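Trainee: The task is simple: from the sequences and hints, build the whole structure.
Listed in order, the protein sequences are those of chains A and B. All you need for my numbering is the position in the first sequence, starting with 1, plus 1. All you need for my numbering is the position in the second sequence, starting with 1, plus 184.
Hints were generated in silico from the structure; no laboratory data involved. None of these values were measured; they are calculated from a predicted model. Glycine included, every Cβ here is placed at the ideal spot set by N, Cα and C. Any given hint could turn out to be false.
Output of the computed footprint for chain A on chain B, the stretches with three or more beta carbons under 8 angstroms from beta carbons of chain A [what the hints assert, rightly or not]: (1) 217-229; (2) 249-256; (3) 263-277.
On the chain A side, residues computed to face chain B include the following (Cβ under 10 angstroms) [what the hints assert, rightly or not]: (4) Cys-38; (5) Leu-42; (6) Ser-46; (7) Ala-155; (8) Val-163; (9) Leu-169; (10) Asn-170; (11) Arg-172; (12) Gly-173; (13) Leu-174; (14) Gly-175; (15) Ala-180; (16) Arg-217; (17) Gly-220; (18) Ala-225; (19) Met-226.
What follows is the residue order along each chain.
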Amino acid sequence: MLATLWSALADPWSEPIMRRAFAEVLLLGVAGGALGCWVILYNLSYSAESLAHSLLPGLVGAALLGLPLLMGGAAGILVAALAVSLAGRTPAIGGDTAVAVVVTTLFGLGVLLALSAATPPGLQNLLFGDVLGVSDTDLALAAALVAVVAVVLALLHGRLLVVGFDRLNARGLGVRPLAVDAALLVLLALALVVAVQGLGNLLVVAVLIAPAATARLLGTRLRAMIALAAAIAVGAGAGGLYLSYYAGTAAGASIAGVLVGVYLVSAAARAAWARG
Amino acid sequence: MTLASAEDLAAGYGQRIVLRDVSFDVRSGERLAVLGPNGGGKTTLFRVLVGELPPRRGSVRRPSRCGVVPQTERSRLDFPVSALDVAAMGAISRLPWWRPPGRTERRRAREALEAVGLADLASATFGDLSGGQRQRVLVARALVQDAEVLLLDEPFTGLDTTSAERLDALLRGLAAEGRALLVATHDVEHARRSNRVLCLNGRQVAFGVPEEVLTREVLEATYGAAIVALPGDGAPAVVPPHHHEGH
Numbered sequence: 002m003l004a005t006l007w008s009a010l011a012d013p014w015s016e017p018i019m020r021r022a023f024a025e026v027l028l029l030g031v032a033g034g035a036l037g038c039w040v041i042l043y044n045l046s047y048s049a050e051s052l053a054h055s056l057l058p059g060l061v062g063a064a065l066l067g068l069p070l071l072m073g074g075a076a077g078i079l080v081a082a083l084a085v086s087l088a089g090r091t092p093a094i095g096g097d098t099a100v101a102v103v104v105t106t107l108f109g110l111g112v113l114l115a116l117s118a119a120t121p122p123g124l125q126n127l128l129f130g131d132v133l134g135v136s137d138t139d140l141a142l143a144a145a146l147v148a149v150v151a152v153v154l155a156l157l158h159g160r161l162l163v164v165g166f167d168r169l170n171a172r173g174l175g176v177r178p179l180a181v182d183a184a185l186l187v188l189l190a191l192a193l194v195v196a197v198q199g200l201g202n203l204l205v206v207a208v209l210i211a212p213a214a215t216a217r218l219l220g221t222r223l224r225a226m227i228a229l230a231a232a233i234a235v236g237a238g239a240g241g242l243y244l245s246y247y248a249g250t251a252a253g254a255s256i257a258g259v260l261v262g263v264y265l266v267s268a269a270a271r272a273a274w275a276r277g
Numbered sequence: 185m186t187l188a189s190a191e192d193l194a195a196g197y198g199q200r201i202v203l204r205d206v207s208f209d210v211r212s213g214e215r216l217a218v219l220g221p222n223g224g225g226k227t228t229l230f231r232v233l234v235g236e237l238p239p240r241r242g243s244v245r246r247p248s249r250c251g252v253v254p255q256t257e258r259s260r261l262d263f264p265v266s267a268l269d270v271a272a273m274g275a276i277s278r279l280p281w282w283r284p285p286g287r288t289e290r291r292r293a294r295e296a297l298e299a300v301g302l303a304d305l306a307s308a309t310f311g312d313l314s315g316g317q318r319q320r321v322l323v324a325r326a327l328v329q330d331a332e333v334l335l336l337d338e339p340f341t342g343l344d345t346t347s348a349e350r351l352d353a354l355l356r357g358l359a360a361e362g363r364a365l366l367v368a369t370h371d372v373e374h375a376r377r378s379n380r381v382l383c384l385n386g387r388q389v390a391f392g393v394p395e396e397v398l399t400r401e402v403l404e405a406t407y408g409a410a411i412v413a414l415p416g417d418g419a420p421a422v423v424p425p426h427h428h429e430g431h
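Mentor: Take a look at the structure:
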């Protein structure tokens with residue numbers, strides 16, 4: 002019995018493809034979970050989603066031109082950020098609307114480009130990622146991302162806390178809110194550009210938001226929340242890979258599904274507990 | 185010793201001047217009530233003293249170490265921080281940007297919480313504390329900043345009598361240590377118990393000791409017509425407009 006269970010648990014990892022996929026999910030989960038906590042505490046979830054979607058034309062363009070996707074993603078996110086800030090200046094268009102207009106325009110443009118006959122890898126992989134096909138470069142990039150996110154978040158922890166908690170008085174406490182915002186947004190852009198390689202344009206947001214939102218339900222201290230979010234992201238990543246292995250479902254979608262499932266179960270459990 | 189002062193100060197936002205003709209000083213050990221209606225310029229004066237807003241006219245001598253104690257209902261009560269975390273935020277201005285608060289800073293935060301009588305609640309979540317306790321945590325944060333001047337924004341609003349008395353005693357103690365306290369309030373009774381009073385209503389209406397300043401004429405000029413006379417001693421009292429400022 003135990004042996005059967007053990008082999009069921011161990012079987013998927015006998016395949017190098019699955020081990021690499023797990024390594025990618027582990028790295029992106031740690032970075033995404035930790036960064037995601039700040040993203041939701043700074044109310045940046047919508048921005049995160051918007052940026053992720055708006056960099057699609059960059060990815061498709063890079064694929065068409067045979068350039069590295071990373072370069073395309075970086076260019077795409079820059080264009081998106083500029084477009085959002087320009088559209089936001091138009092009188093009579095609020096910030097929210099500006100973001101929505103830019104995102105739908107750019108996402109649509111990306112899809113149009115991807116439907117052109119010349120597109121080599123197909124839209125599928127750019128949208129949903131190909132976690133089972135990660136390259137050595139993807140893994141190296143993800144590892145670098147974890148290092149950068151961990152170092153920057155650790156250094157800026159106190160300042161992020163001040164601005165998030167008491168933005169109005171941050172200057173009086175010796176912290177410049179705009180500088181802290183900018184640092185967080187740069188980290189977010191970096192994480193999106195890297196994570197989109199493995200997880201795809203649509204699922205990258207799940208890794209950023211779902212673990213942090215779940216940890217937010219359960220944790221009352223930031224450091225615990227960050228550790229919990231990273232653990233949830235990695236755990237759900239492994240769960241999603243098992244699901245994909247045994248149910249034959251798409252790996253990226255399975256991971257996102259498990260992430261959202263964990264959130265829903267936690268929310269229900271918390272609600273039941275609160276009711277006593 | 186004068187810790188902060190202004191001379192013919194005017195300040196505002198964009199084209200709009202919201203406060204003018206302000207000349208006052210505050211000395212070490214003094215509790216100065218800044219009295220006025222909502223929108224009367226109390227917050228604007230504080231922003232000038234902190235250095236967030238440049239004066240439009242006149243001059244200001246800003247305190248070298250200044251701590252702000254904001255209204256707690258405006259801080260984020262859902263933020264996952266402990267009382268100790270909040271107090272330790274006061275240490276950050278003295279650290280280079282790449283250094284997060286460490287053991288020394290947390291020790292100082294603990295001492296400050298002890299000074300405001302909250303040592304046993306150091307690890308409580310900030311949002312779970314009562315209004316008076318939150319106010320004292322923010323005072324502790326200013327103490328960690330080593331502030332010689334404390335700017336308190338309506339610190340007694342929403343507090344029950346016991347909490348208000350406790351906070352008042354704490355503030356008196358801080359003044360006795362040689363700090364200067366500027367307390368924004370629309371409570372005339374509190375102003376009466378301060379060392380001096382600065383009355384603002386878009387401009388400076390009066391400045392001086394309470395016995396001289398808190399007359400019916402000054403209060404009417406400060407608050408408009410919303411004044412009632414208390415029966416008995418004839419001292420005027422104010423019916424403060426109890427809506428919250430819209431920002």
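Trainee: Does each hint hold? Answer for all of them.
Mentor: Status of each hint after checking the structure:
no., hint, verdict
1, 217-229, "violated (count 0)"
2, 249-256, "holds (count 4)"
3, 263-277, "holds (count 11)"
4, Cys-38, "holds (9 angstroms)"
5, Leu-42, "holds (7 angstroms)"
6, Ser-46, "violated (15 angstroms)"
7, Ala-155, "holds (7 angstroms)"
8, Val-163, "holds (5 angstroms)"
9, Leu-169, "holds (7 angstroms)"
10, Asn-170, "holds (5 angstroms)"
11, Arg-172, "holds (6 angstroms)"
12, Gly-173, "holds (5 angstroms)"
13, Leu-174, "holds (6 angstroms)"
14, Gly-175, "holds (3 angstroms)"
15, Ala-180, "holds (8 angstroms)"
16, Arg-217, "holds (8 angstroms)"
17, Gly-220, "holds (6 angstroms)"
18, Ala-225, "holds (8 angstroms)"
19, Met-226, "holds (6 angstroms)"
Taken one by one, the earlier hints fail for this structure at numbers 1 and 6, listed in ascending order.
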